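J.: Chain by chain, the residues run as shown.
There are 2 protein chains.
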Amino acid sequence: MSDATTGAAKERLYLYDTTLRDGQQTQGVQFSVAEKLRIAAALDALGVDYIEGGWPGANPTDSGFFDAAPATRARMTAFGMTKRAGRSAENDDVLAAVLDAGTPAVCLVGKTHEFHVTTALGITLEENVENIRASVAHCVAKGREALLDAEHFFDGYRANPGYALECLRVALDSGARWVVLCDTNGGTLPSEVGRIVAEVIAAGVPGEKLGIHTHNDTENAVGCTLAAVDAGARQVQGTLNGLGERCGNANLVSIIPTLMLKAPYADRFETGVSEEGLAGLTRLSRMLDDILNRVPLKQTPYVGGSAFTHKAGLHASAILKDPTTYEHIDPSLVGNRRLVPMSNQAGQSNLRRRLAEAGLEVEPGDPALGRILDSVKAREAEGYSYDTAEASFELLARAELGRLPEFFEVKRYRVTVERRKNKRNKMVSLSEAVVVVKVDGEKKLSVSESMDETGSDRGPVNALSKALAKDLGRYQEVIEDLRLVDFKVRITQGGTEAVTRVIIDSEDGQGRSWSTVGVSANIVDASFEALLDAVRWKLIRDCGEVS
Amino acid sequence: MSDATTGAAKERLYLYDTTLRDGQQTQGVQFSVAEKLRIAAALDALGVDYIEGGWPGANPTDSGFFDAAPATRARMTAFGMTKRAGRSAENDDVLAAVLDAGTPAVCLVGKTHEFHVTTALGITLEENVENIRASVAHCVAKGREALLDAEHFFDGYRANPGYALECLRVALDSGARWVVLCDTNGGTLPSEVGRIVAEVIAAGVPGEKLGIHTHNDTENAVGCTLAAVDAGARQVQGTLNGLGERCGNANLVSIIPTLMLKAPYADRFETGVSEEGLAGLTRLSRMLDDILNRVPLKQTPYVGGSAFTHKAGLHASAILKDPTTYEHIDPSLVGNRRLVPMSNQAGQSNLRRRLAEAGLEVEPGDPALGRILDSVKAREAEGYSYDTAEASFELLARAELGRLPEFFEVKRYRVTVERRKNKRNKMVSLSEAVVVVKVDGEKKLSVSESMDETGSDRGPVNALSKALAKDLGRYQEVIEDLRLVDFKVRITQGGTEAVTRVIIDSEDGQGRSWSTVGVSANIVDASFEALLDAVRWKLIRDCGEVS
Chain G
565 MSDATTGAAK ERLYLYDTTL RDGQQTQGVQ FSVAEKLRIA AALDALGVDY IEGGWPGANP
625 TDSGFFDAAP ATRARMTAFG MTKRAGRSAE NDDVLAAVLD AGTPAVCLVG KTHEFHVTTA
685 LGITLEENVE NIRASVAHCV AKGREALLDA EHFFDGYRAN PGYALECLRV ALDSGARWVV
745 LCDTNGGTLP SEVGRIVAEV IAAGVPGEKL GIHTHNDTEN AVGCTLAAVD AGARQVQGTL
805 NGLGERCGNA NLVSIIPTLM LKAPYADRFE TGVSEEGLAG LTRLSRMLDD ILNRVPLKQT
865 PYVGGSAFTH KAGLHASAIL KDPTTYEHID PSLVGNRRLV PMSNQAGQSN LRRRLAEAGL
925 EVEPGDPALG RILDSVKARE AEGYSYDTAE ASFELLARAE LGRLPEFFEV KRYRVTVERR
985 KNKRNKMVSL SEAVVVVKVD GEKKLSVSES MDETGSDRGP VNALSKALAK DLGRYQEVIE
1045 DLRLVDFKVR ITQGGTEAVT RVIIDSEDGQ GRSWSTVGVS ANIVDASFEA LLDAVRWKLI
1105 RDCGEVS
Chain U
565 MSDATTGAAK ERLYLYDTTL RDGQQTQGVQ FSVAEKLRIA AALDALGVDY IEGGWPGANP
625 TDSGFFDAAP ATRARMTAFG MTKRAGRSAE NDDVLAAVLD AGTPAVCLVG KTHEFHVTTA
685 LGITLEENVE NIRASVAHCV AKGREALLDA EHFFDGYRAN PGYALECLRV ALDSGARWVV
745 LCDTNGGTLP SEVGRIVAEV IAAGVPGEKL GIHTHNDTEN AVGCTLAAVD AGARQVQGTL
805 NGLGERCGNA NLVSIIPTLM LKAPYADRFE TGVSEEGLAG LTRLSRMLDD ILNRVPLKQT
865 PYVGGSAFTH KAGLHASAIL KDPTTYEHID PSLVGNRRLV PMSNQAGQSN LRRRLAEAGL
925 EVEPGDPALG RILDSVKARE AEGYSYDTAE ASFELLARAE LGRLPEFFEV KRYRVTVERR
985 KNKRNKMVSL SEAVVVVKVD GEKKLSVSES MDETGSDRGP VNALSKALAK DLGRYQEVIE
1045 DLRLVDFKVR ITQGGTEAVT RVIIDSEDGQ GRSWSTVGVS ANIVDASFEA LLDAVRWKLI
1105 RDCGEVS
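Top line first, the protein sequences correspond to chains G and U. 565 is the number of the first residue of the first sequence in my numbering; add one for each residue after it. 565 is the number of the first residue of the second sequence in my numbering; add one for each residue after it.
Watch out, some of these pointers could steer you wrong.
If chains are identical, the list can't say which one is meant, so a pair holds when it fits in one copy or spans any two.
[Unchecked claim] Derived BS3-like pairs: lysine-lysine, alpha-carbon spacing no greater than 30 Å straight-line:
#	residue 1	residue 2
1	Lys985	Lys1007
2	Lys1030	Lys1052
3	Lys1002	Lys985
4	Lys987	Lys1030
5	Lys1030	Lys862
6	Lys990	Lys1030
These are computed hints drawn from the structure, not numbers from a lab. Keep in mind the model is a prediction, meaning the values are calculated, not measured.
Please put together the full structure from these sequences, using the hints given.
T.: Structure representation (structure tokens):
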């Protein structure tokens, strides 16, 4: 990014993403074809060089993904393994399925550790070398770019460096574009990765053909990757958010900004990721969490909600004088933002910025600012959280500013959940909700039940949400296009008691999306509060501030 | 741990835990005094050398913790800052409050980066050096072991190495036992940490007096710590589970096993942590998550639920032949365990082991094993999870083995949640639950409401749990000592629909604790299922298998 100033030509580093293959080995992760397509498109927009889409033939999802043949600028790569002993590469059905995916690149995992050749495969060392040779040659003959994932390379090199190196050499001699050194068990530490990569290069394997693939079993996957780059490797394999078998793979979401923004990498290397791609990194990381229905980890480097949050009082006041006092990069470069807790002096300017984002201009020094901060603080102590629930935050601020119209009043509600045997002697559940509101002086009673179109019970919150949205008088038309898209429940601490925090994500037909929060010891109450906020926020947007 | 075999004397590495101070800077974390005492006792049992308990005088919790004066084998350490300019160390009230805590060790943060001295403090470089000198000398004169946390040391050293070194030297000359190099902004990469630590030692600061304190802003806190140890630093600062400001501090839960189990550290160093302490690490990490009401991260190195889980089919079958094929250490050394997903061939022996742990001996090849695996798989597809809910897993297995007594039958239940204005025109909620069970041929109706002793509404699940446990006939006595201690709710994916998964943790008066799971689109149903499992598991334990 400082080309113009240094004038020096930069070396190219290649980024290889395996979120869709190794990332899918994460416990509890199983992507659908549609999700894989969405992630592949996002990776392509980011600017990685290779997208490993899965193992064609290994399961229906991976096969379905390649059948959909997504068009990407990045090289779509099919994963597989070297042919088995005792048959030719042409006659290996597993390898054939991989090639049938028709991808421009093929990555084959092969053994390079003698212990695994003899113990796990039960073949001779020579047979394994031949399997690598024939498999790579076959892929190249089919016109594909071939990569060898050298499984257990570091353990293998420690046990028998000559054999491990021979496996790499035969792959390169057979036409492989890359040999990738894999620390499959994740047990090798950064200093040793650096030493071994340097020795491999000294033994004649060019760094321009060397990749690195690490795992996080000692919390060093990123450090091992950087150590390999320092030593000369020029392809980096990893996954988004560090997904992967056991403790995960090297996290590209941490590695990419380090390579692009920090010394000595920024001046020395270039990747396929643009500044715009980098600025989309926070959103990309959160999108993947959304797909996995995971709560994004606040502490995540670069893209986490806490990554640029300055809680310590000394830090917060210094940040106001100069952000570089406690920040190693500008958060906007990765699409993240600074957060100074609102409970101290530094908070008022931060608060005014948040209010302005919601269209509420407030003069500096307005006493309402202090009241809003006090209110936020008191509610956070009860268990509320406004980090994501910006719509509820806006409503709270409007209340303090006297700019919250009362469109309608909820007089009461009642929800009943009943479970009993039906006529066919099967236990079934049904919920019923009654909501009573007053709109324009008129009382309106609405009742709904929790059964959906298919006859399934969707629970009490569903019934309540339907009853609330059933008759709001002249506001009814406005909320017709409101949809609840997600519902998150956390048990948290409010004062000394455990309380339930519900966050509801809503969308409407105009492309808006917003989040609201409710807190109560009673989960139904907490949900109702968040539902109510969702409706009120929407009414403000569509009916204006005058009720 | 291999003293006996190598015969060589090992160097001592000192572990300094700052969970209770820097860890408390984590967004959303606020320990109570009782929690701090509990964590301090656990750290002491682990065997760290120093426990930094907080900043006496900075807030009521930290002061309360030191007032309680916990007795630990580890050196209890109070944190503070060097005296301010323009007054003597004796007359600095902030420093006095730190010393008043009466701890054997005192750690003072001081500036070593000229930019921070002039910008953040607004004093001269000479004044800052004098603040360090006088503050350290004052602590030593009071008979305390003194440590200097050299804030922003790495950034400061890059800007002005001479000044940064001068700050270290004056602290040591004034009697500091340790100077700790802090990468406060977390932006320094491992290779540079290693280079600068080596240069500091070459400049005459002994490694035996050097500590390292890193942050995880580039996901390299552990790697930076190891690089500093490689270069000669002999004190390691960090926190449990990597808590800390922004992205957190170096994670001692990852660093300790690496130092104790892996080359080159295991043969070269010794720490105060015993093998028993190490074997308690998984439990310790989960205990902290419990205190913070966090879901433990499965992917956490060494101690996570997925750290030794082998999902890939090729890995799972190789693991059966020899665990070292895909494991870098034996999981039991850190108190963790291997998990082979039960949905493949490797799963049957794993399943028999889990059943044996529940007291259910099943012969290899018993067809019930296949049925249990199928049942687990089908229920996991619906959204159930048996990773933690071992009691529900046991009940499922018992059902397939024909060893699940039917103590009672639930005929129906009904829960009503109502919110309306009370006599004083305030909105209040109340839930009421009716449960109908059949015990020994007799039908029993029980009703309870959600109000607790203080008059607060505890919600529908509370009412339901009380009604269920109100009258179970001859089993009533057995469940009198059953207590629900935690209740966790997750929205997850069951088939194509979002469903609610509820995990309930229970305890009884005999010291047992167990977890059960329920899944439904209806949160009340999911909770009821988990409650029911909790009661049934307890009845099996106390009434035996014959109903």
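J.: If a hint holds in the structure, say so; if it does not, say that too.
T.: Structure-based check of each hint:
Taking the shortest alpha-carbon separations for Lys985 and Lys1007, only the inter-copy value of 15 Å comes in at or below 30 Å, while the best intra-copy value is 36 Å. Taking identical chains as interchangeable, the C-alpha atoms of Lys1030 and Lys1052 lie at most 30 Å apart whether they share a chain (18 Å) or sit on different chains (26 Å). In this assembly of identical chains, Lys1002 and Lys985 lie within 30 Å of each other by CA distance solely across copies; the values are 14 Å between and 37 Å within a copy. When the C-alpha separation of Lys987 and Lys1030 is checked against a cutoff of 30 Å, the pair qualifies both within a copy, at 26 Å, and between copies, at 29 Å.
For the homomeric pair Lys1030 and Lys862, neither the shortest alpha-carbon distance inside one copy (33 Å) nor that between copies (37 Å) is at most 30 Å. Taking CA atoms no more than 30 Å apart as the test, Lys990 paired with Lys1030 passes in both settings, with 26 Å inside one copy and 25 Å between copies.
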